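Here are the chains, one letter per residue:
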Amino acid sequence: MNASDSLPRFDFQLFVAGDATNSAQALANLRAMCQQYAANRYEIEVVDVFVDPERALAGSVFMTPTLIKRAPPPVRRVVGTLADTQRMLDVLGLRALRA
Amino acid sequence: MSHSDAVPPAAETEISALIATLHATGQRLQQLTSGEVDTVADQYGHTFVLREAQVHLRHHEAAKQASILNALPASIALIDTRGVIVSVNEAWKHFSTGSAASAPGAGVGSNYLEICDRAEGSGAAEALRAARGVRAVLDGTEKSFSFQYACHSPTRQRWFLMTATPLADGHTSGAVVMHLDITERVEIAHALDQQRAELRVLVDLLPAMIWFKDTANRILRINQRAADAVGRTVADIEGRPCAEIYPGEAADYYADDRLVIDSGAAKRGIIETIRDPAGNSRCIQTDKVPYFNPDGQVAGIVVLSQDITESRLAEVRIRRLNRGYLVLSQINALIVGESDRARLFHEACRIAVETGEFRRAWIGLVDHATLTIVPAASAGRSSDGLQWAGESLLQRDDAAPGHGPGALAVHARQAIIINDVAGDPRTQNAGKYAEAGVRALVVLPVFVAGDVVAVFGLHAGDVDYFDAAEMDLLRELANDIGFAIDHIGKAERLSYLAYYDALTGLANRTLFLERAGQRLRSAAGAGHGVALVLIDLERFKSINDSLGQTAGNELLRQVATWLSASLQDATAVGRVDADHFVVMLPEADSPGDTARYLQKLIADFHDQAFPLEGAVFRIAARFGVALFPDDATDAENLFRKAESALKSAQASGSRHAFYTQQMTASVARRLSLENQLRQALDNDEFVLHYQPKMSAEGRVTSAEALIRWNDPRTGLTLPGQFISILEETGLIHDVGRWALRQAISDYQRWRDAATPAVRLAVNVSPLQLRNPDFVDEVRQLLNSSRNGAEGLELEITEGMIMADIDHSIASLQALRDMGVRVAIDDFGTGFSSLAYLARLPVDSLKIDRSFINDMTQSPQGLVLVSTMITLAHSLSLKVVAEGVENPEQSSLLRLLRCDEVQGNLYGEAVPRAIFEATYLAGAQQSATSVPTT
Chain A
19 MNASDSLPRF DFQLFVAGDA TNSAQALANL RAMCQQYAAN RYEIEVVDVF
69 VDPERALAGS VFMTPTLIKR APPPVRRVVG TLADTQRMLD VLGLRALRA
Chain B
15 MSHSDAVPPA AETEISALIA TLHATGQRLQ QLTSGEVDTV ADQYGHTFVL
65 REAQVHLRHH EAAKQASILN ALPASIALID TRGVIVSVNE AWKHFSTGSA
115 ASAPGAGVGS NYLEICDRAE GSGAAEALRA ARGVRAVLDG TEKSFSFQYA
165 CHSPTRQRWF LMTATPLADG HTSGAVVMHL DITERVEIAH ALDQQRAELR
215 VLVDLLPAMI WFKDTANRIL RINQRAADAV GRTVADIEGR PCAEIYPGEA
265 ADYYADDRLV IDSGAAKRGI IETIRDPAGN SRCIQTDKVP YFNPDGQVAG
315 IVVLSQDITE SRLAEVRIRR LNRGYLVLSQ INALIVGESD RARLFHEACR
365 IAVETGEFRR AWIGLVDHAT LTIVPAASAG RSSDGLQWAG ESLLQRDDAA
415 PGHGPGALAV HARQAIIIND VAGDPRTQNA GKYAEAGVRA LVVLPVFVAG
465 DVVAVFGLHA GDVDYFDAAE MDLLRELAND IGFAIDHIGK AERLSYLAYY
515 DALTGLANRT LFLERAGQRL RSAAGAGHGV ALVLIDLERF KSINDSLGQT
565 AGNELLRQVA TWLSASLQDA TAVGRVDADH FVVMLPEADS PGDTARYLQK
615 LIADFHDQAF PLEGAVFRIA ARFGVALFPD DATDAENLFR KAESALKSAQ
665 ASGSRHAFYT QQMTASVARR LSLENQLRQA LDNDEFVLHY QPKMSAEGRV
715 TSAEALIRWN DPRTGLTLPG QFISILEETG LIHDVGRWAL RQAISDYQRW
765 RDAATPAVRL AVNVSPLQLR NPDFVDEVRQ LLNSSRNGAE GLELEITEGM
815 IMADIDHSIA SLQALRDMGV RVAIDDFGTG FSSLAYLARL PVDSLKIDRS
865 FINDMTQSPQ GLVLVSTMIT LAHSLSLKVV AEGVENPEQS SLLRLLRCDE
915 VQGNLYGEAV PRAIFEATYL AGAQQSATSV PTT
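One line per chain: the protein sequences are A and B, in this order. Residue numbering for the first sequence follows our numbering, beginning at 19 and increasing consecutively. Residue numbering for the second sequence follows our numbering, beginning at 15 and increasing consecutively.
Okay, chain A solo, but in the shape it has when bound (with noise of 0.2 Å):
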């Protein structure tokens, strides 16, 4: 079965604040939602604005956590810590690709 290999690939960068709450959260958030609904096609690039803050600045990213969903297409940036799973999944275009 290679259905996989038609189904697209989610490629996520959450920029945080070492590991303060919230920023814990929604990596952790982020992580249970990619596991469940995009399994084995999902990359996450953790940015810590502690150590990188230039990255941040040249992301725009002004608040942490912030999500950017590179890929694929649209781009989305999400704030928050991704508590509200529903409307993560829509935001993030994970629903529909439930494997």
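Because the hints were derived from the structure by calculation, they are not lab data. These figures come from a predicted structure and were not determined experimentally. Be careful, since some hints might not be right.
[To be verified] Computed beta-carbon distance windows for the label pairs:
no.: 1; chain 1: A; residue 1: E61; chain 2: B; residue 2: A77; range: 28 to 36 Å
no.: 2; chain 1: A; residue 1: A57; chain 2: B; residue 2: R96; range: 50 to 58 Å
no.: 3; chain 1: A; residue 1: A57; chain 2: B; residue 2: H204; range: 49 to 57 Å
no.: 4; chain 1: A; residue 1: R94; chain 2: B; residue 2: L43; range: 16 to 24 Å
no.: 5; chain 1: B; residue 1: L43; chain 2: A; residue 2: E61; range: 29 to 37 Å
no.: 6; chain 1: A; residue 1: E61; chain 2: B; residue 2: R96; range: 41 to 49 Å
no.: 7; chain 1: B; residue 1: R210; chain 2: A; residue 2: P26; range: 57 to 65 Å
no.: 8; chain 1: A; residue 1: E61; chain 2: B; residue 2: T95; range: 36 to 44 Å
no.: 9; chain 1: B; residue 1: Q311; chain 2: A; residue 2: E61; range: 34 to 42 Å
no.: 10; chain 1: B; residue 1: R254; chain 2: A; residue 2: P26; range: 53 to 61 Å
no.: 11; chain 1: A; residue 1: E61; chain 2: B; residue 2: T169; range: 54 to 62 Å
no.: 12; chain 1: A; residue 1: R94; chain 2: B; residue 2: E128; range: 53 to 61 Å
no.: 13; chain 1: A; residue 1: A57; chain 2: B; residue 2: R210; range: 46 to 54 Å
no.: 14; chain 1: A; residue 1: E61; chain 2: B; residue 2: T179; range: 28 to 36 Å
[As the list claims (entries may be wrong)] Stretches of chain B that chain A covers, calculated by requiring three or more beta carbons in the stretch to come under 8 Å of a beta carbon on chain A:
no.: 15; segment: 41-51
no.: 16; segment: 55-66
Glycine is no exception: its CB is placed at the ideal position from the N, C-alpha and C atoms.
Given chain A, put chain B in place with the hints provided.
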């Protein structure tokens, strides 16, 4: 509150205001972001951490840090760039090695570097080093620093690892200092090293070669011994492929490896022969055992090889020694049972070859007289070329010792060991030995009472066969052989003693009687008699008592010697008792011989003076005689009879006695007769009587002179009684001469007195005739008488003449040439050869009385006489008939024309005076004085 100068008081108000602003800002942001945001930033990148996140981060960070730090087993301190301890973990708080580097008791706020710098005492060096390293990390010179140090307590050895790593945040903002107790790790490492070292020692110590190989046949480990065996170092070999180190290995060697690896089962006991670096051949026994990794797979094989060359050699040696001991014990068993020297030697050699597996064993006896080694026995497989290496050994004196190991062994009086025949100059015939497969040999001298009496030689098929252990064994064997020879010699001496009298060396009773038996048998065959004489030395005991036993023994030895010399045969003498000897007299043709020997023996013994202790002794002895075959026919009985005779001699007081009384008497008589006869001639006891011989007409033509002896005791004795004695004693010559002289003298007297004389016929004994001087003697006698030859006739018996014809003819011829007449007496009783008869220079034949007697008894008798007369006449010989007793015979004889007759009819033999008166007076009247022919 008062602050440092850094904050002037005026600013304090502004600070408070700003804080209030910040606080309000923060609250507002919190609201704007629904509490889900941690940080915000402006387009310039200025980040502001919202309050909750701040708190969280602050706490969280610290907590995380602390828990991380506390979880670590190490003691950790965070220090800032100045060295001040900013935070520590729990372990640090309790940490103390006693070394300053661990900054015991130093807590947050202390300056670690300063503590280290100030360190004194035993840990000072470490502390300084630590400080130096930390500083390097802090100022960026080093990326990190670590070192190990030891800090031992009295009870324990401890090691520590100290590290310093920078706290970097773009630039070094501090460092993490860590001390970790690595004692356990160090101890383990030490233990491991120790074990490894022990293992190596053990592995190198083992008397074996060991390889650890992996499944690809690479040598992982090798011990020293194995490395030495190929002449390389351990380091050189470990890690290399096996084929590289052992290029010559056979294919099946690797097949073995493969088998072990594949099957996981060990292969043990592989035997092979290799050459070591020195080129010597070695025997190797190998075991190949797989070893397994933790998963149970075969990880490789352990190969263990042992050089069993020595143990093999030892085995061979032991087997050989065992063989040697077996030979020793078998030969010893042999020695106990064997009493024959030749058999002993042969058996000993055979045992040495069969049990001892020697190629050859031989024994030679040393003959010191001829200086040679005489082969006595040999056994073996090697060729005949070596059969008697002993034979060619000639041993000369010390100036030129003989060749060969045997001679050397005798000279040197010790074993000659040649362990490499091919290379030793002492071996002769080296080629022959090689042919026979003999590569080593030994010759041992055999001693008896300190002299080398024999040599014992052994050949072996291996070089260096005769090592120390073997030689010990062989020397023991030679000793045993020497003992056996001595023992047999002693036994032989004992058996000598069984037969010989030790003191005199004469045969003892047992041996003497044995010999006597043999002599009797041979005498019986020849028809001779033997006399056995037992001699008792009288008063020997008194000599013993007065002079002592030594003198007595010496006397006995002298008597023994004298007897042996006297009989000219030591084997005819024996000693049967302390003072009794026994002899066998030479075989006697006649009893007279025996008597004579005895007489001589007794007389000589009586006369013999034995020198003893400066004086001379004459020994009286008594003799007991027994005769074979008269008294007994076997030695034992003969001896007993002699004993009995001795007793009777002792009883009667005589010097000697025969067993048979008659013998004694007759011999005594005979002996006395002999003595008397010896004196008879001197005493003029002999006398001639004459018996007339008549012609056919009755005229006295001649007379036969017959000798008579006037025995003073018994009176006139006829010749039959004494002639034989005269002959035996040799007196016959003197008496015979006397008779001739007398007859010639009587005749001469008649001629001188011009009375009628007749020729006198004198009997001649064979002994006289045999005497070469006889003819000359007769001539001498005749020379002293003018008319001697005319009056002399010699009567010689027929048998005597025929016994030696040629001599007789010559003598007779010479006698006749002198004018003496010769008559053949007792004709017809001898064994005449008629041819010779014709040649004999004789004048007449006297027919024996037996024929005259038979003449009238039968026609043959008459014919015989008639024939004899005719024969005589035809040979121109006169005939005289003897023993005419009656007229009948007389008339017959006249008829037969016998020339002369003699006998009792005509007259007996009478003394001269009577003869003259009876026959010559009458003749004077009726006859001329001219003698008849």
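Checked hints:
1. A:E61 / B:A77: 28 to 36 Å: 31 Å, holds
2. A:A57 / B:R96: 50 to 58 Å: 51 Å, holds
3. A:A57 / B:H204: 49 to 57 Å: 51 Å, holds
4. A:R94 / B:L43: 16 to 24 Å: 23 Å, holds
5. B:L43 / A:E61: 29 to 37 Å: At roughly 31 Å between Cβ atoms, E61 of chain A and L43 of chain B fall inside 29 to 37 Å, so the hint holds.
6. A:E61 / B:R96: 41 to 49 Å: Once the Cβ atoms are compared, 43 Å apart, the range 41 to 49 Å for R96 of chain B and E61 of chain A holds.
7. B:R210 / A:P26: 57 to 65 Å: 59 Å, holds
8. A:E61 / B:T95: 36 to 44 Å: The hint (36 to 44 Å, Cβ to Cβ) holds, given that E61 of chain A and T95 of chain B are roughly 39 Å apart.
9. B:Q311 / A:E61: 34 to 42 Å: Cβ of Q311 of chain B to Cβ of E61 of chain A: about 41 Å, so the range 34 to 42 Å holds.
10. B:R254 / A:P26: 53 to 61 Å: 58 Å, holds
11. A:E61 / B:T169: 54 to 62 Å: Because 57 Å falls inside the window, the suggested range holds.
12. A:R94 / B:E128: 53 to 61 Å: 56 Å, holds
13. A:A57 / B:R210: 46 to 54 Å: Given range 46 to 54 Å: holds, Cβ gap about 51 Å.
14. A:E61 / B:T179: 28 to 36 Å: 31 Å, holds
15. 41-51: Holds: 5 residues of the segment 41-51 of chain B have a Cβ under 8 Å from chain A.
16. 55-66: holds (count 8)
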